[in-house]
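**Q** With the sequences and hints as input, model every part of the structure.
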Amino acid sequence: KAGVTQTPRYLIKTRGQQVTLSCSPISGHRSVSWYQQTPGQGLQFLFEYFSETQRNKGNFPGRFSGRQFSNSRSEMNVSTLELGDSALYLCASSLLAGEANYGYTFGSGTRLTVV
Amino acid sequence: KQEVTQIPAALSVPEGENLVLNCSFTDSAIYNLQWFRQDPGKGLTSLLLIQSSQREQTSGRLNASLDKSSGRSTLYIAASQPGDSATYLCAVSGTASKLTFGTGTRLQVTL
Numbered sequence: 005k006a007g008v009t010q011t012p013r014y015l016i017k018t019r020g021q022q023v024t025l026s027c028s029p030i031s032g033h034r035s036v037s038w039y040q041q042t043p044g045q046g047l048q049f050l051f052e053y054f055s056e057t058q059r060n061k062g063n064f065p066g067r068f069s070g071r072q073f074s075n076s077r078s079e080m081n082v083s084t085l086e087l088g089d090s091a092l093y094l095c096a097s098s099l100l101a102g103e104a105n106y107g108y109t110f111g112s113g114t115r116l117t118v119v
Numbered sequence: 167k168q169e170v171t172q173i174p175a176a177l178s179v180p181e182g183e184n185l186v187l188n189c190s191f192t193d194s195a196i197y198n199l200q201w202f203r204q205d206p207g208k209g210l211t212s213l214l215l216i217q218s219s220q221r222e223q224t225s226g227r228l229n230a231s232l233d234k235s236s237g238r239s240t241l242y243i244a245a246s247q248p249g250d251s252a253t254y255l256c257a258v259s260g261t262a263s264k265l266t267f268g269t270g271t272r273l274q275v276t277l
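Same order as they appear, the protein sequences are chains A and B.
Going by the numbering used here, the first sequence opens with residue 5, and the numbers climb by one from there.
Going by the numbering used here, the second sequence opens with residue 167, and the numbers climb by one from there.
Hint data in this document are derived by calculation from the structure and do not stem from the laboratory.
Hints may be right or wrong, so weigh each one.
To be verified - Far from chain A, by Cβ distances over 10 Å, these chain B residues were calculated:
hint, residue
1, Ser178
2, Leu228
3, Asp233
4, Ser235
What the hints assert, rightly or not - Stretch by stretch, here's where chain A covers chain B in the computed footprint (C-beta under 8 Å, at least three residues):
hint, region
5, 196-203
6, 210-217
Just so you know, even glycine gets a beta-carbon here, dropped at the ideal spot from N, CA and C.
**A** Quick look at the structure:
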């Protein structure tokens, strides 16, 4: 079966611009989570969507937002980009059993560079 | 707040050695624990998933154990190979519907 697909793989943006990243989960998975990975902070949770609703949000400024569509695909948007937003953005999908889950599968990530 | 710690931060071993990576977490109220591998600049590859009711899981040369009461997990790699060189990440999933990651162990297996 197809894995988690993230597009694009690489992006270079200028400070002040906005960017939209896309994630298609494994077929049948309705939970999609986003993580930011930087050398200094490691992997940090951004937000999680389930059935088009944001269930949980990490400690990031409001410039970071997301949404999920009826087909479970998710997009993440970052507005007014800052140099510190340069990172690898990872998306994960999961099959849920109530509040619990059967583990997470990650995509290959989008490498965002802000110049 | 859940905190996950991995020891050691880096490890270099000669090919063929058996090795153990350690992971500890502060809140034992977890649903499961997952071990991942990450190659430089790449995404995360899931290695093993241990549900909270389980004590261990095995896949090939990998064996992971979980002691929820003491907040510890170990990943055992048998007969290490150069292709095992990567960063290994431990992550726990709890009631907040998210993964909390450790900082990882960078493993290098030398010829």
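**Q** All hints, please: hold or fail.
**A** Okay, the hints, checked on the actual structure:
For B/Ser178, the shortest C-beta to C-beta distance to chain A comes to about 20 Å, beyond the 10 Å cut-off, and the non-interface label holds. Distance check for B/Leu228 against chain A: the nearest CB is about 15 Å away, which clears 10 Å, and the non-interface claim stands. Even its closest Cβ contact with chain A, about 19 Å, leaves B/Asp233 beyond 10 Å, as expected for a residue assigned away from the interface. No Cβ of chain A approaches the Cβ of B/Ser235 within 10 Å, the least distance being about 19 Å, so the stated non-interface status holds.
Here the region 196-203 of chain B counts 4 residues with a CB under 8 Å from a CB of chain A, which clears the bar of 3, and the coverage holds. Against chain A, the region 210-217 of chain B contributes 4 residues with a C-beta closer than 8 Å to a partner C-beta. That satisfies the three-residue criterion, and the hint holds.
No hint from the list above goes unmet by this structure.
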